[in-house]
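Colleague: The primary structure of each chain is shown beneath.
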Amino acid sequence: MAQGAKAEVGALSIRNADKVYDPEGVNVHAVMDFSMEIKAGDFFAIVGPSGCGKTTLLNAIAGFDDLTGGEIRLDGEVIAAPGVAPFPDSERIVVFQHGALFPWKTVIDNIAYGPITQNTMNKKEAHAQAKQLLSKIGLLGCEHRYPGEISSGMRRRVEIVRAMICDPKLLLLDEPFRAMDALTKSVMHEHLLKLYDDQPKTIFFITHDLEESIYLADKVIVMTSRPGTVKVVVDVDLPRPRDFRMLATDHFIELKQQAIDAVHEEARKAFEAGERELA
Amino acid sequence: MEIEAGSKTLPARMKKIYNVHAFRAMFAIVGFFILWEVLCKLKFPVFRNIPPVEEVIMGLWDVIFLPKYWASWPASFFRIISGFLLAQLVGVPLGLAMAVNRYAKDTVFPIIEILRPIPPVGWIPVAIIFWPTREMSVIFVAFLGAFWIVIVNVLGGAAAIDLRLRRAALSLGASRRDIFWKIILPATLPSIFTGMVVGMGITWEMVVAAEMIAGRTGLGYMLWEFYLTYKLGALIVCMISIGIAGYISSGLVRLAGRKLMPWRRQF
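Keeping their order, the protein sequence lines are chains R and L. Sequential numbering of the first sequence, starting at 1, is according to our numbering. Sequential numbering of the second sequence, starting at 1001, is according to our numbering.
Don't take every hint at face value.
As the list claims (entries may be wrong) - Each computed DSSO-like pair below joins lysine-lysine, with the alpha-carbon atoms no more than 30 Å apart:
#: 1; chain 1: R; residue 1: 169; chain 2: R; residue 2: 123
#: 2; chain 1: R; residue 1: 136; chain 2: R; residue 2: 124
#: 3; chain 1: L; residue 1: 1259; chain 2: R; residue 2: 105
#: 4; chain 1: L; residue 1: 1182; chain 2: R; residue 2: 124
#: 5; chain 1: L; residue 1: 1182; chain 2: R; residue 2: 123
#: 6; chain 1: R; residue 1: 39; chain 2: R; residue 2: 231
#: 7; chain 1: R; residue 1: 123; chain 2: L; residue 2: 1259
#: 8; chain 1: R; residue 1: 124; chain 2: L; residue 2: 1259
#: 9; chain 1: R; residue 1: 6; chain 2: R; residue 2: 136
#: 10; chain 1: R; residue 1: 185; chain 2: R; residue 2: 219
#: 11; chain 1: R; residue 1: 219; chain 2: R; residue 2: 269
#: 12; chain 1: R; residue 1: 256; chain 2: R; residue 2: 39
#: 13; chain 1: R; residue 1: 231; chain 2: R; residue 2: 219
#: 14; chain 1: R; residue 1: 185; chain 2: R; residue 2: 105
#: 15; chain 1: R; residue 1: 185; chain 2: R; residue 2: 169
#: 16; chain 1: R; residue 1: 231; chain 2: R; residue 2: 256
#: 17; chain 1: R; residue 1: 131; chain 2: L; residue 2: 1182
#: 18; chain 1: R; residue 1: 219; chain 2: R; residue 2: 256
#: 19; chain 1: R; residue 1: 256; chain 2: R; residue 2: 6
#: 20; chain 1: R; residue 1: 185; chain 2: R; residue 2: 39
#: 21; chain 1: R; residue 1: 131; chain 2: R; residue 2: 169
#: 22; chain 1: L; residue 1: 1231; chain 2: L; residue 2: 1041
#: 23; chain 1: R; residue 1: 169; chain 2: L; residue 2: 1182
#: 24; chain 1: R; residue 1: 169; chain 2: R; residue 2: 6
#: 25; chain 1: R; residue 1: 136; chain 2: L; residue 2: 1182
#: 26; chain 1: R; residue 1: 136; chain 2: R; residue 2: 219
#: 27; chain 1: R; residue 1: 131; chain 2: L; residue 2: 1259
#: 28; chain 1: R; residue 1: 105; chain 2: L; residue 2: 1182
#: 29; chain 1: R; residue 1: 169; chain 2: R; residue 2: 194
#: 30; chain 1: R; residue 1: 185; chain 2: R; residue 2: 231
If you're looking for bench data, these hints aren't it; they were derived computationally from the structure.
Whole structure, please, built from the sequences with the hints as guidance.
Modeller: In structure tokens:
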């Protein structure tokens, strides 16, 4: 299957990003001196233990929170820095870990919400485009159901499509498949890869799962435990389009070995830190 | 067509009436009346002074031919609907204003929290003095009965809105105004309707109490009149009438909720 044209927008530059929560009080240093350059259209994954600052970084990129140091730029424009009030917008759309479909809207109205709100499409156009995207992910027929009436896997696909229809510069996925079993997850990977292949754009993907990150991404960063910073960078040169059979190849295992020790070490550190805090 | 509970041959509409849940409810109500009759006949403690079911049936026979009884239904319903609707019209916007505006909450909420513990029944004497007519006094007490419930539910519902929904909307291009009308309002609807269902029950309690004390018409007034004339059977009939009227009212609110919130199948 031919890949869609590479994205020309969505280059993300993170320089010395730093985030401290409540510096006068509990003083939690969540992210420390984190730097990364992401090219437009790259699929970028961050792996790290719980509490290492992945979501903090995502919130700063998405415009939900500010930074206490460093800066983040999207296509050269500052989107996060000390003194810059956080501003979420439709250029950076988030797919949340526990889902955020609007329960009172049907599937098709959820997907059409973005383009209609941004006045980029009228209702008819948005619904037509939504149906096209739904058929790509195998959900045509569910458009008039409510989120509560479909499975969690289906909801997650709808949420990704809701983000993609807005054609953002940057798509941020915060552990979207975390709560799924392995079989459902593998099907979701296929759907996400298909959408990415059809319409490549910059994707920032957070996960605990090293295999998942290598299978999906072009570049994987392993973060340290809190305060989070870059520990290991893995450049993934697996060809696209990707196939689940790649998971069993020698090259995939080699890529995994580049990071597995680092992931395990940081997971142990985070666990021990958690036990100390509780004690 | 043979009618059989739970039969697969029944059309959908009839299944709603003849399903097992409806039969259980009917059996429970009939069983309740049988138990009541038996306990009265056996002169069980507490039941010694309560009229048995046959006396209530005789009371029903007296009451249904009283024009005043039938006139009391619309009289009570008018007060219920007036007080209840006013409570929603004032309470919902006020609750939402306090939910989204810190200044509104800081100034209004303390006053509400001071006045709220005063039982609506305690407002009856003041209501009689405040308002120029008894009708307005009763409607005022009905209003109070629902108003506090509305405020508390709207505030609670708005506070419980998932932050992710607001963030998702902002990410998708929503403005502040959009957040209020397209996120906060629909997300708070379930809490608003829960407040309405609970508020409707309390409104009935307040209207009946106010009619007993200050009214000249209405089911509460009829109940008090039967008490004063020691017509116990008719008194029980009046109480059951109030229960049925309240059930119908709450049922109508639930029906409205199901229509306005099709995504909430359990409402």
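Colleague: Compare the structure with each hint and give your call.
Modeller: Status of each hint after checking the structure:
| no. | hint | result |
| --- | --- | --- |
| 1 | R:169 to R:123 | holds (23 Å) |
| 2 | R:136 to R:124 | holds (19 Å) |
| 3 | L:1259 to R:105 | holds (14 Å) |
| 4 | L:1182 to R:124 | holds (19 Å) |
| 5 | L:1182 to R:123 | holds (16 Å) |
| 6 | R:39 to R:231 | holds (20 Å) |
| 7 | R:123 to L:1259 | holds (23 Å) |
| 8 | R:124 to L:1259 | holds (25 Å) |
| 9 | R:6 to R:136 | holds (19 Å) |
| 10 | R:185 to R:219 | holds (20 Å) |
| 11 | R:219 to R:269 | holds (24 Å) |
| 12 | R:256 to R:39 | holds (22 Å) |
| 13 | R:231 to R:219 | holds (13 Å) |
| 14 | R:185 to R:105 | holds (25 Å) |
| 15 | R:185 to R:169 | holds (25 Å) |
| 16 | R:231 to R:256 | holds (15 Å) |
| 17 | R:131 to L:1182 | holds (23 Å) |
| 18 | R:219 to R:256 | holds (12 Å) |
| 19 | R:256 to R:6 | holds (26 Å) |
| 20 | R:185 to R:39 | holds (27 Å) |
| 21 | R:131 to R:169 | holds (22 Å) |
| 22 | L:1231 to L:1041 | holds (19 Å) |
| 23 | R:169 to L:1182 | holds (25 Å) |
| 24 | R:169 to R:6 | holds (12 Å) |
| 25 | R:136 to L:1182 | holds (28 Å) |
| 26 | R:136 to R:219 | holds (26 Å) |
| 27 | R:131 to L:1259 | holds (26 Å) |
| 28 | R:105 to L:1182 | holds (10 Å) |
| 29 | R:169 to R:194 | holds (18 Å) |
| 30 | R:185 to R:231 | holds (26 Å) |
The structure is consistent with each of the numbered hints, conforming to all of them.
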